[in-house]
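> Please assemble the complex out of the two chains, which come individually in their own frames, going by the hints.
So the protein sequences, as listed, match chains A and B. Mapping to the UniProt record's numbering: the first sequence position 273 is 273, numbers consecutive. Mapping to the UniProt record's numbering: the second sequence position 48 is 48, numbers consecutive.
Read the hints as simulated data drawn from the structure, not as lab findings. Built from N, CA and C at the ideal position, the CB exists for glycine as well. There could be a bad hint or two in this list.
Pairwise CB distance ranges, derived in the manner of DEER restraints [as the list claims (entries may be wrong)]:
| id | chain 1 | residue 1 | chain 2 | residue 2 | range |
| --- | --- | --- | --- | --- | --- |
| 1 | A | Ala-61 | B | Ala-218 | 37 to 45 angstroms |
| 2 | A | Glu-109 | B | Glu-151 | 29 to 37 angstroms |
| 3 | A | Val-130 | B | Ala-218 | 36 to 44 angstroms |
| 4 | B | Glu-382 | A | Val-130 | 35 to 43 angstroms |
| 5 | A | Leu-259 | B | Ala-232 | 50 to 58 angstroms |
| 6 | A | Glu-109 | B | Thr-379 | 38 to 46 angstroms |
| 7 | B | Thr-251 | A | Phe-204 | 25 to 33 angstroms |
| 8 | A | Ala-54 | B | Ala-314 | 51 to 59 angstroms |
| 9 | B | Ala-305 | A | Leu-244 | 27 to 35 angstroms |
| 10 | B | Thr-251 | A | Arg-84 | 43 to 51 angstroms |
| 11 | A | Glu-109 | B | Gly-206 | 23 to 31 angstroms |
| 12 | A | Glu-109 | B | Glu-233 | 49 to 57 angstroms |
| 13 | B | Ala-232 | A | Leu-244 | 52 to 60 angstroms |
Under 8 angstroms between C-beta atoms, here's a sample of chain B residues computed to sit facing chain A [as the list claims (entries may be wrong)]:
| id | residue |
| --- | --- |
| 14 | Asp-90 |
| 15 | Thr-120 |
| 16 | Asp-187 |
| 17 | Met-274 |
Residue strings, one per chain:
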Amino acid sequence: MFTDSTLLFVALSGIFAFSFYAVLVAGQLSLGQAGFAALAAYTSAVLAPDPAEAGDAVTLAVALGTGVVVGAVAAVLLGLPTMRLRGVFLAIATLGFAEAVRILLVNAEWTGGAQGMSVPKIVTPGVAWVLLAVVAYLFWRQGPTRYGRALAAIREDELAARATGIDVGAHRLAAFVTAGAVSGAYGALLAFTMRFIDPGLFDFASAIDGLVMAVVGGSTVWFGPVLGGAFLTLVPELQRAVGLEAGWIRPFLAGLLLLAVILFRPGGLASFFPAGRGTRPLSRVQASGARGDTAADDGPGAPGGSGADTNPAGANLAGTVQASVQPHRRRAQVGAGDVVARLAGVSKDYGGVHALRGVDLELRAGEIVGLIGPNGAGKTTCVNILSGLVPPSGGAVEVLGIDPVRTPVHRVAAAGVARTFQHAKLFGRLSVLDNVLAGAHLVTRGTFLRRLLWLPSARWDERAAVVHATACLERVGIADKAGLAAGELSYGDQRRVEIARALAADPALLILDEPAAGMNRVEAAALGDLITSLASDGLTILLIEHDVGLVMRTCDRITVLDFGAVIASGDPAHVRDHPDVVTAYLGTEAD
Amino acid sequence: MRRTAPLSLAMIALLGLSACGSGDTGAGGSLQGEGSGADCTIPGPVPVGAALSLTGAAGSYGESQRNGLELAAAHLNEQGGVTYELTVEDDQTDERQGITLFEQFTDDGVSAIIGPTLSTTAFQAQPIAQDAGVPVVAISNTADGITEQGEYIHRVSLTEGQVIPQTVAAVTESEDLENVVVMYSDDDAFTESGYEVFAQALEDEGVEVAETLTFSVADTDFRPLLTEAAKAEPDAVIVSALIEAAIPLVTQAREIGLDVPIVGGNGFNNPQLMTDAGEAAEGVVVGAAWNSAATQNELNTDFLAAYEAEYGKAPDQFAAQAYTGLMTIDAAVRAECSGEPEAIKDGLGTIDGLDTVLGSLTINDARDAEHEAVVQVVTDGEFVALD
Chain A
1 MFTDSTLLFV ALSGIFAFSF YAVLVAGQLS LGQAGFAALA AYTSAVLAPD PAEAGDAVTL
61 AVALGTGVVV GAVAAVLLGL PTMRLRGVFL AIATLGFAEA VRILLVNAEW TGGAQGMSVP
121 KIVTPGVAWV LLAVVAYLFW RQGPTRYGRA LAAIREDELA ARATGIDVGA HRLAAFVTAG
181 AVSGAYGALL AFTMRFIDPG LFDFASAIDG LVMAVVGGST VWFGPVLGGA FLTLVPELQR
241 AVGLEAGWIR PFLAGLLLLA VILFRPGGLA SFFPAGRGTR PLSRVQASGA RGDTAADDGP
301 GAPGGSGADT NPAGANLAGT VQASVQPHRR RAQVGAGDVV ARLAGVSKDY GGVHALRGVD
361 LELRAGEIVG LIGPNGAGKT TCVNILSGLV PPSGGAVEVL GIDPVRTPVH RVAAAGVART
421 FQHAKLFGRL SVLDNVLAGA HLVTRGTFLR RLLWLPSARW DERAAVVHAT ACLERVGIAD
481 KAGLAAGELS YGDQRRVEIA RALAADPALL ILDEPAAGMN RVEAAALGDL ITSLASDGLT
541 ILLIEHDVGL VMRTCDRITV LDFGAVIASG DPAHVRDHPD VVTAYLGTEA D
Chain B
1 MRRTAPLSLA MIALLGLSAC GSGDTGAGGS LQGEGSGADC TIPGPVPVGA ALSLTGAAGS
61 YGESQRNGLE LAAAHLNEQG GVTYELTVED DQTDERQGIT LFEQFTDDGV SAIIGPTLST
121 TAFQAQPIAQ DAGVPVVAIS NTADGITEQG EYIHRVSLTE GQVIPQTVAA VTESEDLENV
181 VVMYSDDDAF TESGYEVFAQ ALEDEGVEVA ETLTFSVADT DFRPLLTEAA KAEPDAVIVS
241 ALIEAAIPLV TQAREIGLDV PIVGGNGFNN PQLMTDAGEA AEGVVVGAAW NSAATQNELN
301 TDFLAAYEAE YGKAPDQFAA QAYTGLMTID AAVRAECSGE PEAIKDGLGT IDGLDTVLGS
361 LTINDARDAE HEAVVQVVTD GEFVALD
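Looking at chain B on its own, in the form it has when it is part of the complex (with noise of 0.2 angstroms):
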């Protein structure tokens, strides 16, 4: 992934008149409703601007995304009250479209927003909105610093800093893991600061490191590295990498009879993992906002059957975001009973304890989500949680 990385954040946004909000929109009637909660019902569509990386390096990411996005959209709709009309816009991977775009969107007048797919947009481009008083909803951006940019910017992402000290502890405990050799690559946003939130946590759980070593995101020939890392004796490798490097690494480390548990970060979060790797992967660590098997609810349950009945796959975590992101936003709406920006900023102040396919999210006083991860070990080629 060429702009560093990834994922996360989407922005959810309804039309209205822009922030000054009167009431009517051209396209469809009021956005002030009646009634509250379930109840609310408001006459004209919300409109939601989402900006995602469809096509470029980020593309995968922005697929998944845009189908969890219109699943939501579509149940939303047929559930009737509250409507709406959700434009998703590709922002080629380019920070420049994702800045437009974003422009476009305040322009527009749309009262939320949802993305960009990866951080380093997030930080060019969310500021339009902040400054425009359209609420902003992330849904894969797991930089820090994303939501001290406004008011406005909430994410229903977690974060490396959430996601990470849960999967080492539970690694620790399950492995007694006393002595790890650490390895990431030092050229990418995403991968340094997953490295700085493992390094953190390490010492937290007070497990030695016995060496550190990095490499270039564009690596692909880890064995030099890993014979190194042998020579330590770890009980386990800690590894923050993008998926394309996370592949060779997992492979060659089995090669060279590397056999100790790899802990990965959010970059491993791929089945493409257990697909290229194989019998590599077996035993790969990796923690996660959502596992499809491993968040057990009726909601997940209803969201699984309905994307593998319209995509005719399994969804990902980005697409299990992407769909809480607008879930999230409908909740807002209905707080206030309000299609209006402002109300649905208000709104998204007020999520506690909702019950989403991620489970019970809330978004806390920094407007980042909160839920518990789920620390999951590749298994048999699936990735099932770890007990």
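Only chain A is shown next, with the shape it has when bound in the complex (with noise of 0.2 angstroms):
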């Protein structure tokens, strides 16, 4: 039913589609694709020998090799000064290259103008098949690996992805530079299939075509593109072939069902089918060989809280889980009692607000350390700080050797930051395994490139990620919710999974940002216990609570902050008797 060119035509959208399915993958939009397509398009067709005297597969594989390399290439040379721009901005300043290509193109001398260039047609259908192929197993192999994760995680929340420890910047251009030789390969691949080429066919619309296909295909799932590219190139096929009537109602007809799609398939055409959805978490029997039993133990009936047959109420055995999975790499331990972080003098102000003045704390390993105080008091800028998010208008910081406020968050991280956020800040499209996996992104190896040569070592790898994944999730009690959606879970879990995440990348120090908000009582008393065990593990951890009894119970030493300014430091029955903190905090005796 369909010609040679159909099928055609079906393989170079889904191509076009990966492109753009490359960088909305990890959150990126841009419409740049067209330009960089139009470029490799033009250098191939003009580099490539002729396929009369070289042969058809040497003219191919020269002119696919220029694409890729003109397209990433481009990628490279937009990327470096795009790359911090977010969302529709990034569009546009892809979309102005795009355009500006196009009218380089049309005022060229090389390149015919607008009259256009005649390319030879080599590429027959299974040509063109065997490398979408190729382009569909790269992104099929890049899904669940370090590197995939590390994109997904960026999509879903770039800040929390940065405080993980992932190189966003890094990896925002490699999805760019993907993007780029992916269109790069489909410009070469469209110049000599068209026979003739012009500046129209990189046009605004065909980029919109391409961004079109990758999210109705669906833009998360790795075959997502193979089935948008199909989709919108069969549409007028199939209508053509039940005889519809020409004209206008087949535009129209075609506009009504990507419409549908789009409305009832948020998720794409991919979301029909099961597959593809994250990493699997291991079977209750391969996760008993991983399991202690956690800290972060559940009272019977604790609302939201793990299945009751996770493990029994009670025990507490906190540090047999890390002892018995190790990640890739065991992060350098602080020596008990070494200064971990310190604050000295600290301010910040935020236009005439000061938020914080004059502060110092010291952080000493294996500490647990209660920052207090009253809503707007200065809790939260002060664990910004540390963790390089926000720079201090005043004072020094040191975290674990480094100057977090001349060290990307990333680099904090590395360094041994972990931290959970006031109001959660989980991925949430991805599986709560997946985002404790991500997590884990400093401590595992890179799997993408071993797993495209299916090398066992990835395999094995990523299964020990998984391991020890789980175990942190077994810590907080969670390991039984691993193949849910994070976004799906109650607010108590999804804070849970943000600590095993925080856990997974095996800090020294680990900031808990009000870790106890949306918990009940039971849960709270859980909580308190996996922080205890984790500091007998020799994890410092810096908590910010507004539960003064789990504060209480757990810290080691208190900082009281007023105002943006201590007002009282020290073991908690001396905090707790201060009569600035009892005054400006716990509220006065006299009622």
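Following this line, the structure appears as structure tokens:
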């Protein structure tokens, strides 16, 4: 029913859609692919030898190589200045690039200008489908790897990804260059398919077509672009095949179909298929091998708690988990009693607001330090300065031997700082397990290239990472929910996943920003036990919490902030009885 | 028009069993006829495919073309002897669809193909017919090189290279041109190639070009350019632009007091010019392959009447060229009295002085059409032949 060229165009569309998928998986909206494809098409058409002399295979190889290189190089050059842009701003910048390329091609001599240039046709449906398969293979293998998860994490929550230790800039650029290379391959193929290329082939509408194909197919599942490309290419063919009257009705129906897919299948056509849903959790039997008893144990009947089979109540054998399963790299441990982090005279002003005023704070290895104070006292600002998210206005900061002011967030994380956020920042559409695996970014090895080659070591590494992540989930008592999407969990469970994700990085300093918010008393008590057990493993913990009871029970030392200044610091008993604290925070005895 | 330019070609295809051409078709009998010329009788209908841009950017041209083709098919089938099975398909002004359609037509074994509407698509799709040995008749492609793609590719549409020199010569004589300003959009294949022909024709006529100004196909504000043009005090302004730019350009030229004749290429050849530019369009000179009033012969009169009766409006040049396309194929079929692709191809080569609605039409050795162009000037809101 379909002609050769229909098959050919389905494959080409799929490849082009993949170039959009390449960046959409990392949460980037780029329309520059048309420009990359145009540059690649013209360059390869000029550089590739005449197939009549060199043979089709040689011409095709040279053209493809040229296209991929040109596309990738153009993406690097465009990516370096634009990778800081987000969302629609990136879309506009890349669109501007594509338009500039089009204008250049229209006005250049060697391109034949608007009148285009002739190119021999050598691409057959077989060649196109083989290449589509190669591209699809790349993205299929990329998905469940450290690299693939890092991209997904950036897409879901960039800030959390950075705090997890993912170098967001490098990963975004890598995704962008991948898009450039794939669209370059598409451009070269298109040139040697169409017989005749003109700048109109790579105009704004073509970029939109590519984007629509990627989104309609499904921009988070590796085979989505194939479905999207096939869908958009075949709709006119099907309409013709069923003998639908030509004219406005066909584009109208095609538009309606598109609308229906987007409305009822926001995940794209790929969501009709069950495959490709993230990393598979360990089965219960496998998991039991990795399981110690968890510290954050749910009491019976705790709402949102883990299932009854997760573990019996009470036992607290924290440490056995981490001892039994080693991540690939253990982080350098800090000697007991060494200074882990120090704030000296730190202040922070937001305009005229003094969020912090001359705060001194010192954390020593193995300590649990509580940071409390009324709302707006500057606790979260303190944490943000420690983790490198916010530069202080004055004072000195040192964390694990580095200066977070001058260090990118992911390097602060790499030094051993892990944190949770006041409002849980999970990678919502990823599974709980994938969230924690993304958290293990710093302690696992890259597996993408080895997975491409099916090296067994990649599978072992991936499996070890899953075991490690599962252990972290066990430890916070939520391993039975590993397969659920993180965004579907209750608030209390989300906080626990966040802690597991932070633990997965095997940090030296763990900063918990109001971890008990949204938890009931039973859960909060279990959380307290977990925190204590973590500290006994040598982890240093900074705990920000409104549940004063929890802080008093758990912490070795407590620092109290009020209006940005430290009003008391010392052991729990000292702080509890401190008159300023009583007045400013706990209320007066008079009532 | 997003995809380059216009116009041009169509193909007619007759169905048979593809190039290898066994005598019978499943659909309706032999394509090998008896008799010759007007007496030729072919038992089966001759399948002809037409790939036109019925929707998308070039949709307005495609509609006229389809009307012209269907009218021609109706006339031919009424006349008898040889009947045609015309299949009109929409390429949605998309090159890929054009390629697919050509492939589908050749796979289905049509005897000839008409189209596609746009020159760009023609470059991409016609080689498929060439490779399959199916003759093509282009009905609206004006770009150079269309028929150079192979011996099976023909056209009945005049190229800009044929129309523009005639236009320039006529205007030079009637207006005593000495000094002109040339304006064109440089990012469109059609208008750019039109400009090149204009420039050559002006040089040949010895007309001096005071200034050459360029703009983009999408531009709508020409006042700065026109002001600059006015400074050169030209005898005429020569413009190669599509109709979308032509209308504001002409309107704004009159606004700023630039009242010299404006000479346009084929892009101006559209009644919309008078509808939308109104008074300002008066005096605009446009070369064309056909004008409803200019070609005075019986065929043309009948065509006008039949088209009006069928579609309730006057035909434009695209309808006339499409009508001619199928009529020319019919002549080729009758020349050998065979509906086989090979015979049609040979027949097309013998077309010499065929009476058509476009006038006396010859297909030359380069497989391009030759007939007299019409130089028109807008007078009282109508295109009339320039005397």
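> Report the numbers of all earlier hints that the structure fails to satisfy, in ascending order.
Hints 4, 12 and 17 not satisfied by this model.
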